[in-house]
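A.B. asks: Sequence:
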Amino acid sequence: MSGIADIAEKVRHGQRLSLEDGLRLYRHDDLLEIGRLADEYNRRLNERNVYFIQNMYINPTNVCEAHCGFCYYRRDPDQEGAYTMSPDKVLEYVKERWTPGIKEFHIVGGHNPTVPFQYYTDVVRALKTAYPDVTIKAYTAAEVEFFHRLSGLSVKEVLQALKDAGLESMPGGGAEILSERYREKLAPDKASVEQWLGVHRIAHQLGIRTHATMLYGLIETLEERLQHMIYIRELQDETGGFLSFIPLAVQPSRKTASLKQRTSADDDLRTIAVSRLMLDNVPHIKAYWINIGPRLTQMAVYFGSSDIHGTLVEERISHAGGALTSQSLTRDELVWLIKGAGRIPVERDTFYRPVRVY
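Going by the working numbering, the residue at position 177 of the sequence shown is 641; the numbering climbs one at a time, nothing skipped.
Just so you know, these hints were derived from the structure itself, not from any lab. It is possible that part of the hints are untrue.
[To be verified] Think about it this way: if two alpha-carbon atoms lie no more than 20 angstroms apart in a straight line, the pair counts; the simulated PhoX-like pairs of lysine-lysine are:
# : residue 1 : residue 2
1 : Lys649    : Lys627
2 : Lys592    : Lys649
3 : Lys627    : Lys567
4 : Lys592    : Lys627
5 : Lys592    : Lys567
Note that the structure is predicted; figures quoted are calculated from it, not measured.
Please take these sequences and the hints and turn them into a complete structure.
C.D. replies: This is the structure:
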């Protein structure tokens, strides 16, 4: 591995990579060398297993007080297309799309200030009551920080109320890039770096396992991407509460956007590989097929990914931003993707407990 032989030795001897090591990996001209190293490390953790879940995305509202520069999903309360589903409407939505085998409800939405905090707990409670065997993975750290401001409760009180209603895990969204420079420009109304990390710290202390994302491909520097990973790594050292890390390729504003307005395949695979090597203490790196497409997701299992996400049923947020993929995949399609890459498909629950090995 010319040029990164010393980094390879560090990985193989369990030595942690630095930000400077990460920069060298991002700038190294042989993508396949980096992929082989990430694959080697991933196999040490997960052997040949690649995980997926049968899940359903639920977006109870798209009304949002925030004005993020990369979001095409949000609406103002009186804007055309704005909606807020009542808990009963959420149950109707699920019933119409339900398929046997769903193990998780993945719930994210807008920061809607026109409804009380109780609305958000009522949605969780209604779903958990109607589907007690389905895990509720709900609300990003940015949403929780908004709930804290909306309700006047502390972050810990907000999380405890959600947990009491049936929340069992949290998605990783709202992280974008954990850089104040970036957030001031593109997400000025959202949780700060410290607030986002602080919500996850408290969630972990309450026994709520969470995930972490990174939205890449806009104005961030490579140094900011790597510092983002280091923040996650440091919190994982402290709490051990993260289940996975999900690099998210940014989506353009419209489906007809040119190739120049999308991340490259090289960047997508390289970012997955670098994430796997930098985040040595996070069990899984997820390839998000919605954003990078099923075929590139299939390739990602050779670059350090051990998870290709789930069936989703109906994804809205990335598709509002111009995602070209379908809004769902079936269990059989996910199994086919994994087997086609020569790996072992493992259907899982939210906490990576195997449901079925194919």
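A.B. asks: So, for every hint listed, does it hold in this structure?
C.D. replies: Do the hints match the structure? See the list:
no., hint, result
1, Lys649 x Lys627, "33 angstroms, violated"
2, Lys592 x Lys649, "38 angstroms, violated"
3, Lys627 x Lys567, "18 angstroms, holds"
4, Lys592 x Lys627, "11 angstroms, holds"
5, Lys592 x Lys567, "12 angstroms, holds"
Violated hints, listed in ascending order, are 1, 2; each of the other numbered hints is respected by the structure.
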